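Yeah, the sequence shown ends on 255 if you go by numbering that gives the first Met the number 0, and it's all consecutive.
Just so you know, these hints were derived from the structure itself, not from any lab.
Careful: at least some of the hints might be erroneous.
Claimed, not checked - Label-pair restraints from in silico Cβ distances:
1. ALA122 with VAL173: 23 to 31 Å
2. ARG101 with ARG135: 16 to 24 Å
3. LEU126 with PRO170: 26 to 34 Å
4. ALA73 with LEU167: 18 to 26 Å
5. PRO23 with HIS163: 19 to 27 Å
6. ARG69 with ASP102: 45 to 53 Å
7. ASP102 with PHE129: 35 to 43 Å
8. ASN140 with GLY71: 21 to 29 Å
Fair warning: this is a prediction, and the values are worked out from it, not measured in the lab.
Note that CB positions come from ideal geometry on N, CA and C, so glycine has one too.
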Amino acid sequence: MALSLALFFFSGANSSADTATYRPLDHLWWGTRDLAETPSLVVLGAGTALTVVALTLDTGVHDYFAGHDRLGGAARIGNDYIGTGIPGAILAAGTLGFGLWRDRQHEIDSGEAQLEGLVATGAYTELLKFTVRRARPDSGNLQSFPSGHTSIAFSSAASLMELHGPSLGVPALVLAAFTGVCRLDVNAHHLSDVIFGAALGYAVGQSYALHHQCMGGQRRVAPAAQCESQGQAAQVALLPYFDGRSDFGVAARLKF
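Let the sequences and hints guide you as you build the complete structure.
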């Protein structure tokens, strides 16, 4: 809710750098559509492959963390702060506000991309949780897959990496990875939940960042692929699925 309010709060703001009316729902659609482009499909495919491997390690990782409080109070950093999305939303809103104030299109696009990515990541994460309904390791709560804290943290990190480079992106990725470990430390998720959450968050954050980069300061309707001279090779996305609480497999999506 806070992310949506922040996004729509700035929707009516205009800058001489970009006088076109900002339509949040249009951008949410464009960024979602661009998830079908190669960069995001590569991340999702690699993340799915790692998730399948992680499924075989879930029990061992759970036994390592369960009841041991290995991170101590440091676990609050990821569980109570970074993974909630609030720091990312504040950073995004601040970046957008600064861009509007100083009439700087890069900061405007960066703030918009981060906010859009966070909203979309939260929506896709909740949709998967509702669809998969995997039990958490610490309770019968069927909201385990994927890890929302991890996906949100990686969404912000991906936006920063794509739009501001390694100087901001790498520290953000380290914090995002630590957030995933924090979720394991409090026994809230399986390792595979965290791995796919990271892939989902990064893919979505990257997609919205590339969408705004592709615009080059101009509102546009074309998908990201049309910004580059690239072939129409077949693309395959792999996604995990669960049948009950113990059976799992991989579903493939082919685009050509």
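Cross-check of the supplied hints:
In this structure, ALA122 and VAL173 meet the distance hint of 23 to 31 Å, their C-beta atoms being roughly 26 Å apart. Taking the beta carbon of each, ARG101 and ARG135 are about 45 Å apart, not inside 16 to 24 Å as hinted. One distance hint, 26 to 34 Å for the beta-carbon pair LEU126 and PRO170, holds here, with the actual separation near 30 Å. Range check, ALA73 to LEU167: about 22 Å between beta-carbon atoms, so the 18 to 26 Å window is met.
Between PRO23 and HIS163 the beta carbon distance is about 22 Å. The supplied range of 19 to 27 Å therefore holds. At roughly 48 Å, the beta-carbon separation of ARG69 and ASP102 lies within the given 45 to 53 Å, and the hint holds. Between ASP102 and PHE129, the C-beta spacing of about 42 Å keeps the proposed range 35 to 43 Å intact. The given range of 21 to 29 Å is respected by ASN140 and GLY71, whose C-beta atoms sit roughly 24 Å from each other.
In this structure, only the earlier hint numbered 2 is contradicted, and the remaining ones agree with it.
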